[in-house]
Amino acid sequence: KAGVTQTPRYLIKTRGQQVTLSCSPISGHRSVSWYQQTPGQGLQFLFEYFSETQRNKGNFPGRFSGRQFSNSRSEMNVSTLELGDSALYLCASSLQEFGGKTQYFGPGTRLLVL
Amino acid sequence: AQSVTQPDIHITVSEGASLELRCNYSYGATPYLFWYVQSPGQGLQLLLKYFSGDTLVQGIKGFEAEFKRSQSSFNLRKPSVHWSDAAEYFCAVGAPGNQFYFGTGTSLTVIP
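Residue numbers (my numbering), protein chains in the order written: chain A, 322 to 435; chain B, 165 to 276.
Watch out, some of these pointers could steer you wrong.
In silico SDA-like pairs for lysine to any residue, Cα to Cα no more than 20 Å straight-line [stated by the list, open to error]: (1) A:422 with B:251; (2) B:232 with B:190; (3) A:422 with B:209; (4) B:213 with A:350.
Read the hints as simulated data drawn from the structure, not as lab findings.
Note that the coordinates shown come from a computational prediction; the quantities given were computed from them, not determined experimentally.
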């Protein structure tokens, strides 16, 4: 069974632009979670989607948003990019809603904001 | 408040030596417990997990972890470390209906 895939793997943007990241979960998984990983803050939870509904949200500004499609694929959008948004963005999928089952991670999207 | 503590930011061991990475948690109830490993520039790979039952769990790559409820700990161990084990290790806790919480990670260096 294929693992979690994320596209693109690397991205360079400039301040003020917006970006959309994509995540395809493991087949059959209905939960998708997003995390931001930076050297200073570690792994921080952004949000979780289950069956196209946002179920949990972390403490991030409204510039960070997401959605999930009927096939469980998810996208994350960041508007008005700031230098501090440079990070590795990880997506994880799970069979059940947050915490209910093991999360399996994708390879991540490395975003650099100049 | 829920939290996960990995007291050791960085550990260096010699190849062939034993390894123990510490993880302590603070949670309202007995959570699900996980250890993940991350190689540079990569995502997180699940090493092992504990949901219930036997408190000593076996994982991939020869790793094991022991859940100690009285100490709120879930330490990761390996009897003989290989050079390929050099990576960042994350402990995580979760529970149904609640988000995952990750520790800040322990970076492992293996000396030949």
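To see whether the hints hold, each was checked on the structure:
1. A:422 with B:251: Cα-Cα ~24 Å, so violated.
2. B:232 with B:190: holds (13 Å)
3. A:422 with B:209: holds (15 Å)
4. B:213 with A:350: holds (18 Å)
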